[in-house]
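Asker: Protein chains in written order, with our numbering: chain A, 1 to 302; chain B, 1 to 478.
Do not take every clue at face value.
Distance windows between CB atoms, simulated [claimed, not checked]:
id : chain 1 : residue 1 : chain 2 : residue 2 : range
1  : B       : Asp211    : A       : Leu74     : 49 to 57 Å
2  : B       : Thr83     : A       : Thr286    : 51 to 59 Å
3  : B       : Thr83     : A       : Tyr28     : 50 to 58 Å
With a straight-line Cα cutoff of 27 Å, these simulated DSSO-like cross-link-like pairs (lysine-lysine) come out [claimed, not checked]:
id : chain 1 : residue 1 : chain 2 : residue 2
4  : B       : Lys179    : B       : Lys200
5  : B       : Lys96     : B       : Lys80
6  : B       : Lys289    : A       : Lys64
7  : B       : Lys197    : B       : Lys92
8  : B       : Lys92     : A       : Lys64
9  : B       : Lys223    : A       : Lys148
10 : A       : Lys148    : B       : Lys295
11 : B       : Lys161    : B       : Lys54
12 : B       : Lys380    : B       : Lys391
13 : B       : Lys54     : B       : Lys268
14 : A       : Lys148    : B       : Lys268
15 : A       : Lys148    : B       : Lys285
16 : B       : Lys285    : A       : Lys64
17 : B       : Lys179    : B       : Lys469
18 : B       : Lys80     : B       : Lys391
19 : B       : Lys391    : A       : Lys148
20 : B       : Lys468    : A       : Lys64
21 : A       : Lys64     : B       : Lys130
22 : A       : Lys148    : B       : Lys307
23 : B       : Lys475    : B       : Lys179
24 : B       : Lys417    : B       : Lys200
25 : B       : Lys179    : A       : Lys64
Which bits of chain A does chain B cover? Going by a derived footprint, with three or more residues having C-beta under 8 Å, they are [as the list claims (entries may be wrong)]:
id : stretch
26 : 128-140
27 : 222-233
28 : 250-264
Source of the hints: derived by calculation from the structure; they are not laboratory data.
From the three backbone atoms N, C-alpha and C, an ideal C-beta is built for every residue, glycine too.
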Amino acid sequence: MRHGKYPFVIGFLFAPVTLYVVFVIAPYAQAFQISMTNWRGLSAPQWVGFDNYRRLLDDGAFWKAVQHHGVLLLALPLITIAIALFFAFLLNVGGKSSGGQRQGVWGAKFYRVVFFFPQVLAVAIIAVLFQMVYRPNESGLINGVLMKLGFDPVLFLVRPNLALWSIIAVLVWQAVGFYVVLFSAGMASIPGEIYEAAEMDGATKVTLFFRVTLPLLWDTLQVAWVYLGIAAFDAFAIVAVLSVDGGGPDGATTVLAMEIYRNAFVYSKYGYASAMGVALFFLTLTFAALTLRLSKRESVEY
Amino acid sequence: MSITPEHPAALDRRTVLRRAAAVGMLATPAIGLLSACATSGGDEENEQVAGGTKSATNPLGVKDDAPIEVVIFNGGYGEKYATDVHEPLYKKAFPKAEIKHQSTQAISTILQPRFASGKPPEFVNNSGEKLMDFGALVADGQLQDLTELWDAPSVDDPAKKVRDTVVPGTIEAGSFNGKPYVLYYVSTVFGIWYSGKLFKDNGWAPAKTWDEFITLLTAIKAKGITPYGYAGANAAYYQWNVILTQAAKIGGVEVLKNIDNLEDGAWKQDAVKQAATAWAEVGSKFIDKSFEGLKHTDVQLRQNQYKVGLYPSGDWLEGEQKKDTPSGFEYQLMPVPSLTASDKLPATALRATAGEGYFVSAKSANPKGGLEYMRQMLSKAGAKGFTEVVKAPTVVTAGSEGFAFPPGVASSQAALKAAGQDVFNLYFDGWYKELDTEARTATNELMFGRINADAYLERIQKRADAIKKDSSVAKFKR
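Construct all of the structure, not just a fragment, from the sequences and the given hints.
Answerer: Right, dumping it as structure tokens:
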């Protein structure tokens, strides 16, 4: 038996590893290579060493994008997780208990489906949808109502200090549904006896949430944080379709992927765009490693 | 096992796959091999077909049975003019040649890999939002020099060269550092558009001087209509076009030439400053702030609904809005008004150019066929057919004869005629995409009141200087 083990294992691994190397690893590696050239996408690239990276250091648009990722990195997971936890708590344990079984609020099953809707829509469709919602005149969903009531329209995507938050709101709206479901699954696996015991000791709903649900959900929260963090490094589709003037006004909503796209496909600077891509790669990697390291904590066994 | 090929060109796809598979198994990093994947363009080239015999009907010496591939941008002009007019003309001249037709809305998506792999199609209509960067194509030697075409005898009159059958400026518009590479086929006139009906109903007249212009804007505003507008979300270049047109009228054509040539301080010339200051004032008083968040189609629609008075654009506007224009709207063009009495150019002066670019790939199999296709396009029959299908005038002077244009294009053609020799153009946006982006962003900042004219010119000049210093960007002069 032992004799035939390696051919057997290799036989199984061969196809997937080959596909992975050709279609995932090789393009990644090639991005590193292209980032050292001034390739314009047509003829053979010229080697320029670290020139592109040096240029990144004093590229205002690049740093603006990095800064926005910083904002996204804090705001997106915090807001999304807070809202999703609140909803999941209401949907699963927020209601009355009947027959010793914790219940969600009335109509929980219906809400669960509704919350999941945005997740089903393609990102580009969501962006187009919110173009209508945010439209700055009487044909916009929000401003139409505001103007009917006699208020001035709010220029959501146009005012530089409001634009990024308008975009974040869309990202949160889109993400919440998924995390409600994720947290619901986590909460469902918390044994009912723990809640019962806590309630008998006189715990309120707030205490229940902070002293029982939250600690027992820690692993799930950690996963959510990493996912949302990685999502915060993307945001390309929403920004590209929704924002004014491609990441505007004046770069107020730009993200790295937007700058990569612009440099590669508008300016034909594939080498420079690849350098940005490599920077993004390391940023994402650092974030994931840091988060997993920092949030390491004994998980409660039950 | 050596997996670094001496000549990447010698690799065929099977060897690449086989070696990649080997790499996968051995998990050996092989960067050298990777260079054979995406970036090998230009190393392997098409074998070009030999030329045919030159004759009176075949002055370029096209091989009469060599196939030709035509790629058309399926946008505002559609593809019908190619399939119904130009391709049949080529087929008639060379019955044995096979024509492969393809159309797309995303030129670069389809063609980038074709160029990278060294097998581009012969003839390309490079246009639309996803057009390929002409500057980069020229710098990489991908485009066929069109000198031979312009010097060839025309289809209709062998005594006349092709270059003498088109409107002046056509060849220059498609030239890079003095060499013609691109055929711009559609005659385009830029100006400020209004509804003939709206103006007649209210007794307004198009403005020639700046005072008249401000009076007109004030009168429109008094009617409860937004006097002037452009779309900040995606069409800010419509507005920098107006500002630079104004600058050219104040200071003469040299002003634009300096900008195109990236001369030091070109954006800070006094004429540009005067123009920016004047238009910033229009922005602060006469534009609806919400327009910064709208797309060009939104603002154009509002004009069709008589909610916007004046809108800057090129004369494709009428065709683009055909579906939404109410009957009797009657598009009319007014040239950008004079700013001062001492302007170098008269009030009738305007920006006009040839638009909609076509090129022949130098590295395709049959570039001569591509040139011949262009010669057929530039024949009287080719131009007339195009105008009849898309209702737009071409650069072929004899092509629009006797054709009744709709009111908007008729008015822009009349304005072009009135301008006489005072017609100018600018090129920097096609040569340096980064400068175009910066000008768009800065123009929104200026027109919607976040910066003043000085800061506006300062930041665009800064970007122009950076591009001038950037050795990786190919430079052009005119």
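Asker: Each of the hints needs a verdict: does it hold here or not?
Answerer: Each hint, compared with the structure:
1. Asp211(B) <-> Leu74(A): 49 to 57 Å: Roughly 54 Å apart at Cβ, these two residues keep to the hinted range, so it holds.
2. Thr83(B) <-> Thr286(A): 51 to 59 Å: About 54 Å separates the Cβ atoms of Thr83(B) and Thr286(A), which means 51 to 59 Å holds.
3. Thr83(B) <-> Tyr28(A): 50 to 58 Å: violated, 42 Å
4. Lys179(B) <-> Lys200(B): violated, 47 Å
5. Lys96(B) <-> Lys80(B): holds, 22 Å
6. Lys289(B) <-> Lys64(A): holds, 25 Å
7. Lys197(B) <-> Lys92(B): violated, 45 Å
8. Lys92(B) <-> Lys64(A): violated, 57 Å
9. Lys223(B) <-> Lys148(A): holds, 21 Å
10. Lys148(A) <-> Lys295(B): holds, 23 Å
11. Lys161(B) <-> Lys54(B): holds, 16 Å
12. Lys380(B) <-> Lys391(B): holds, 15 Å
13. Lys54(B) <-> Lys268(B): violated, 53 Å
14. Lys148(A) <-> Lys268(B): At roughly 45 Å apart (the allowed maximum being 27 Å), Lys268(B) and Lys148(A) break the hint.
15. Lys148(A) <-> Lys285(B): Measuring from Cα to Cα gives roughly 24 Å; hence the hint holds.
16. Lys285(B) <-> Lys64(A): violated, 31 Å
17. Lys179(B) <-> Lys469(B): holds, 23 Å
18. Lys80(B) <-> Lys391(B): holds, 12 Å
19. Lys391(B) <-> Lys148(A): Violated, at about 42 Å.
20. Lys468(B) <-> Lys64(A): Roughly 23 Å between the alpha carbons, so the hint for Lys468(B) and Lys64(A) holds.
21. Lys64(A) <-> Lys130(B): holds, 25 Å
22. Lys148(A) <-> Lys307(B): The hint holds at about 18 Å.
23. Lys475(B) <-> Lys179(B): With Cα atoms ~13 Å apart, Lys475(B) and Lys179(B) stay inside 27 Å; holds.
24. Lys417(B) <-> Lys200(B): holds, 23 Å
25. Lys179(B) <-> Lys64(A): violated, 39 Å
26. 128-140: Our answer is that it holds, as 4 residues pass the Cβ test (under 8 Å) against chain B, meeting three.
27. 222-233: violated (count 0)
28. 250-264: Contact hint for the stretch 250-264 of chain A vs chain B: holds, 3 residues under 8 Å.
When each numbered hint is compared with the structure, violations occur for hints 3, 4, 7, 8, 13, 14, 16, 19, 25 and 27.
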